[in-house]
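Based on the sequences and whatever the hints tell you, model everything.
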Amino acid sequence: MSDALDLLWTASLWAAVLRIATPLIFGTLGALLCERAGVLNLGIEGIMTMGAMVGWLTVHLGGDLWTGLLAAALAGAALGLLHAALTVPLGLSQHVSGLGITLFGSALAYYLYRLLVEVGDLPPTIEPFQAIRVPVLSDLPFLGPVLFSQAAPTYLALLCAGVLAFVLARTPLGLALRMTGENPHAVEAQGLNPVRLRVGAVVAGSALMGLGGAFLTTAAFNSFFPTMVQGRGWICIALVVFASWRPGRALLGALLFALFDAWQLRLQQAVPGVPYQLFLMAPYLLSILALVLVARRARVPEALMVPYRRGER
Amino acid sequence: MRLERRTHVPLAAAALAPLAAVGLALLLAAGLIAAAGVSPLAAYAELLRGALGSRLALTETLARATPLILTGLAAAVAFRARVWNIGAEGQFYGGALLTAWAGHALLAGGPPVLGVPALLLLGMAAGALLLLGPVALRLSLGVDEVVTTLLLNFAVLLFVGLMIEGPLRDPLAFGWPQSVPVASDLRLPDLVPRSRLHVGLLVALAAAALVWAVNARTVWGAETRAAGLNPRAAAFAGVSLPRTLLGVAALSGGLAGLGGATEVLGVTGSVTTNLSPGFGTAGIVVAMLAGLHPAGVVASAVFLATVFVGADAMSRATEVPSFIADVIMSASLLAMVVALLLVTHRVAR
Amino acid sequence: QGTPPLRVAAVHASPVENAWNSRVHLAFQQAAERGLIAYEFSEGVAATDYPRAMREYAESGARLVWGESFAVENEAREVAADYPDTAFLMGSSGGPSGDNFGVFGTRNHEAAFLAGMLAGAMSQSGRFGSVGGYPIPEVNLLINAFRFGVQETRPDATFSNIFIGAWFDPAKAKEAAIAQIDGGADILFGERIGTADGAAERGAKAIGSLIDYTPRYPGTVFANALWNYGPTIEAIVADVQAGNPTGRDYTEYSFMRHGGSELVFVPEEVPPEAVAAMQAREAEIRSGAFEVPIDADEPA
Amino acid sequence: MTPAALELDRITKRFGPLVANDAVSLSLAQGEVLALLGENGAGKTTLMNILFGHYRADEGEVRVMGRPLPPGQPRAAIAAGVGMVHQHFTLAGNLTVLDNVLIGSEPLLRLRSRRAEARTRLLDLAARFGLPVDPDARVADLSVGERQRVEILKALYRDARILILDEPTAVLARPEAERLFGTLRGMTGQGLSIVFISHKLHEVMAASDRVAVLRAGRLVAERRTTDTTPAELAELMVGRRVARPRRAARAPGPPVLTADRVTVVEKGETRLDAISFEVREGEILGIVGVSGNGQATLGRLLSGLARPSTGALALGGRDMARLSPRALVREGVGRIPEDRHAEGAIGELAVWENAILERARDPAFARAGLVRRAAARAFAADLIARFDIRGAGPDTRTRLLSGGNMQKLILGRTLAMNPRFVLANQPTRGLDEGAIAAVHARLLEARERGAAILLISEELEEALGLADRLQAIVKGRLSDPIPAEEADTRRLGLLMAGVWEVPHAA
Ligand SMILES: Nc1ncnc2c1ncn2[C@@H]1O[C@H](COP(=O)(O)OP(=O)(O)OP(=O)(O)O)[C@@H](O)[C@H]1O
Ligand SMILES: Nc1ncnc2c1ncn2[C@@H]1O[C@H](COP(=O)(O)OP(=O)(O)OP(=O)(O)O)[C@@H](O)[C@H]1O
Ligand SMILES: [Mg+2]
Ligand SMILES: [Mg+2]
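Residue numbers (my numbering), protein chains in the order written: chain D, 362 to 674; chain R, 15 to 363; chain F, 174 to 473; chain X, 226 to 731.
Derived from the structure by calculation, the hints contain no laboratory data.
Accuracy of the hints is not assured; some may be wrong.
Computed beta-carbon distance windows for the label pairs [claimed, not checked]:
| # | chain 1 | residue 1 | chain 2 | residue 2 | range |
| --- | --- | --- | --- | --- | --- |
| 1 | D | Asp367 | R | Ala150 | 30 to 40 Å |
| 2 | D | Pro633 | F | Glu425 | 49 to 59 Å |
| 3 | R | Ala230 | X | Glu491 | 33 to 43 Å |
| 4 | X | Gly297 | R | Leu41 | 29 to 39 Å |
| 5 | D | Ala513 | X | Arg239 | 44 to 54 Å |
| 6 | R | Arg20 | D | Gly481 | 47 to 57 Å |
| 7 | R | Leu62 | D | Val655 | 50 to 60 Å |
| 8 | R | Arg19 | X | Ala567 | 21 to 31 Å |
Note that the Cβ used here is the ideal one computed from N, Cα and C, for glycine as well.
Here you go:
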């Protein structure tokens, strides 16, 4: 079994952790932003799918990679706007709207892909983001491959975590967003518009989710496949709770989940003979376990999932 | 602009709104269909035919609605008590797996009059157990059940894979991992001969009636609603939160498990990892569309099944990519919730 | 010329990007272009909807309904029994039934075996990896055939395999490939797309399955165990046109001797001695002197 | 003459068929304190919500310092110098005091909150107006009185010149309330104008310059405070003469409920510290105290929601420490919870459902696990008639009842079962004079009938009017009882401040 533990000290593993974590970081931050403002966004899976498709398609049609990411973010924002419109001013069930958006976003993405892209033997490819090689730093032992040889969107994800943490914790806008998730009436009583704040948070959060999807098709891989998001969005929803709605911990949670995943891929070789499902199950079961351990400290935004309707009792 | 609850609901609005919603969804999809170079009108004629236009179509629509009714009820029961069960998919598989195993190993050879009900109960028990855990965790440690049930979906599906590739693998099957089959005399009979519509539909309708009766008529049903609406006040009035919520978990998970059991006993006879195309998740949609009302659950399950089966057939009959079915279904759903809101509320200045 | 094209309807359980489906899809499209058949299809059909899709096509007058009955064997056979005038051709791990339910298997294992022979001769480390979706027979027997081939030229080889638990998660397949390369493997058998991406990133080599991946991954994929579905299509279309019963096993048309499978490789990247040995084996396979073992058990 | 600080000009507001404000015109001079009076549901909060921009009036105009206020925009009201302390606090419990004060005060897109400056300014204001707070405390951890201070500071922080307080003292005990009014007085000295809403006539008399009375949405009277009396105001409000009932002498019977050195520890904190008391048949024992001194725990203890860690609690001589709420109800314990919305009733349920909520499994209302709906409805109809619950039928959604009527419903379902012991926890909080009189009358009737009643109240008037004996609760401990005859507000005030060992102020 010491083999299994030795794996934990390899740069290969940790480099993989960052790669696997990147879409999760984007998605989790996005979901966190929505929830911090009081809106549960179960549309994430569909939004990530749409982001994956649109990001890829933009590059396929001749845009550059960053334009692709921008387009993915916009596509995410558009679906987010739909979710926000249904759940914030109309106050509709966040569950239904979210699941509806997931269905809608995925189906529309697949449909448009079929209409717009000729698939031959293999789906067409784009030239994806490459790992950045920083002169001296990338050659450092361990740290080089782990921290200084990632694709650019990975750094963007880390940056987003820092920015979101800072915005939420330190800026007036962040305070207003947090307050909107705690007590929208208090926000209104101070002259701000909780509806706009919520809509804004959902739109921005969904844009982040779109980026998470786009990472899969513009960095982790170079083609789009239907269903390739593979439940990553749902994981993000879980990670937000795991993170107690804090960006710093969301980053940590995504990394932890990715660690389980990267580790199990390596364990499948190191410990042959164990059914592969057990390895695949590990990240989910360990997440539940982790959740049990942090549950007492979690502090749910009080107005999460509570529709805000002005002037209603 | 704000929404005001209508004091009385105009009948015409209540009748027209759902139609308008579906119309809107079809309008949106018409653009997509036209983009594929197909006439939307011709396509929609096919949709209607595909969902309702033949014996095959009708029985298929109802057969597809059957598991949706049960998972819809599962969500409705749970959500009414504010137990956010997002894990009906896993519970569905749990019920299916235990049913298949018991129908092969435990109860095969016994009298079907006892065996079939016993299998349905076992399916319920498996689903129930899968939700009791998360709810117990919430009650004891405050672990959010949205997340635990969500994560359990993945774990259960992998567990099903583990079982059907391992101990429960059908050695006589064709190689593809598939569970041992349920003894043939324990299968649910067909409701319409030579179709896939089976007695499970009656089970689902009975479950809906039962859930309605429990909700509306029993003390326990009233207490679960109270606990959901205002746990503090319910606790003050002496409603035991653990007891009611665990009961709700057992019922909700049980209904989802029953969905898996009927699908196995009525349709497939065994379990594979693609038994469900997301029946659990769709159940949430069904329940919310129904305003959590059991009768509404039946109606909205049939509605969603109709839209899906019709759109699916339409995509085949025309050269429209088959993903259009999900586009139409989800767009109808989103438009429908808005329409239902506008039936009960009006937009005020 | 004289015969009108045969109406063929395919029910793909996966989206047609799936490598396996894409081979069939492409072959049907080519047959349609040649005027042999008229082709229509559904894709991404869930198991619960699958029998209905088959029925709808049968009722709409398709002469041949093609599909993959792996996960719905019993139901698919019931459907076929209800439509005796329609021919059904199903990817299946089981045998044919009745007069109209024909089956086929995916048998590019011979080519996988030959690819393994090349790999065995090329590896520095003696460690070989593979990435699969799920351990179903159609996947297992390929990976096992690859391993048998490796052992021919490299008896001391060690193997690893990772199942990613998904048909469509190229990002994960890529990570699985990287994990194995970092664990010492230098040649990977890629049952799933994404494997070669991992190999390319790490400068290792990969073997493609079903499809020719070399144009997409030049310098990385040096050999491919191709699967050609054309021979199977021609065989069954001929049977249908001739009015022969189609309830038989069409698997043989996937074998090398029918042109149903072949090894394509990049000669410059492979040691000539290895090619010679491999080609000797290939001749034996084609002649029937050597049979590549079929082992559908889950590879360890 | 300087313009009035605030003018409301013919404000009309309708909710569907209901006219909540009917052409109300009011003005407020600078430095003036105006009290707004009215029964529950008279439209006071609605009027203030219009003034603050939460609601848009259907007709009429609001002017601040002579300038019309754009309707429906709290932001504009704040900018014009209006600050509002809401009836139901608008605070986020999970955030800190500073967060709650700071929100909305800075440009949203500023790159970084100036928290250090804000903290200094907040502490300054707090010192200047005598409203001490800890900026870094989590609001959920604060007492009600402290939360109120935060609410006021929020308004002051935004430079309010006109302060609206909607029932600021509903949840405060007398000494706190008096301190609040002292503070407000100080503020008018610094140029603020104040409108406050209250149901407590003594406060109105003591703290206001002028009084406006609303009845059913209309302004029915305006008086200079010095020119009116509590009795006149009560009559103006209700439209008829009201007086609180008086307690008749009655000899108490044997003890019904006794607590002997009961200690309750919750979450590691000692909430009740070896308290002893007894409540006798036909007697009302009043527990007075400043909120946050253990009343809530005492309420939970006697409602079956908390357990003693040590000590004995007996009902009719039998141990009742482990009884569940349902068992207590079966044993004849009636409970009126502190917060009718949070604990007393479930707004979304029908009146009849709330009427039987506590006794849902009682054979009277359930058979074989099924609800006896007819019996339950009949019971609710009977309560409605007997307890004068207005504006409701058995099937009305309870949320639609006014506070007073909801309280009557709770009182009714509690007293209808002829309990031998009644816990009445803040039974008249937030109620208008008419409703208070009705609730008091019912409690006294129950006493007359022989029920033992434990009254927890922060309202000295109420405690003195109802209780036969009084004990003060301070930091989880109970003073020795004193007979009502020996009590007066001064003595009680001392007791509540923890000064227990004072000789009788004979
Ligand atoms: N100026 C800054 N730049 C970047 N990140 C910052 C800055 N200030 C604070 N942060 C990050 O923001 C986070 C604060 O938000 P968050 O709620 O995520 O964590 P936290 O409150 O620190 O959590 P914990 O209570 O566990 O310490 C900190 O973890 C910190 O890493
Ligand atoms: N948003 C609303 N929708 C519908 N009716 C409302 C709304 N707000 C208040 N009302 C109704 O308007 C009337 C006046 O309510 P308001 O809250 O102004 O009374 P109030 O005088 O403040 O009473 P209290 O003393 O109980 O606080 C009541 O009948 C109330 O039910
Ligand atoms: Mg923090
Ligand atoms: Mg009010």
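Evaluation of the provided hints:
Hint check: Asp367(D) to Ala150(R), Cβ distance near 38 Å, so the stated range 30 to 40 Å holds. About 34 Å separates the C-beta atoms of Pro633(D) and Glu425(F), a value inconsistent with the hinted range of 49 to 59 Å. Range check, Ala230(R) to Glu491(X): about 38 Å between beta-carbon atoms, so the 33 to 43 Å window is met. A C-beta distance of roughly 35 Å is found between Gly297(X) and Leu41(R), which places it inside the suggested range of 29 to 39 Å.
For the pair Ala513(D) and Arg239(X), the beta carbons lie near 59 Å from each other, so the given range of 44 to 54 Å is not met. For the pair Arg20(R) and Gly481(D), the supplied restraint of 47 to 57 Å holds, since their beta-carbon distance comes to about 56 Å. As the Cβ distance of Leu62(R) to Val655(D) is approximately 52 Å, the hint placing it in 50 to 60 Å holds. At about 23 Å, the CB distance of Arg19(R) to Ala567(X) agrees with the hint of 21 to 31 Å.
Checked against the numbered hints given earlier, the structure breaks hints 2, 5 and satisfies all the rest.
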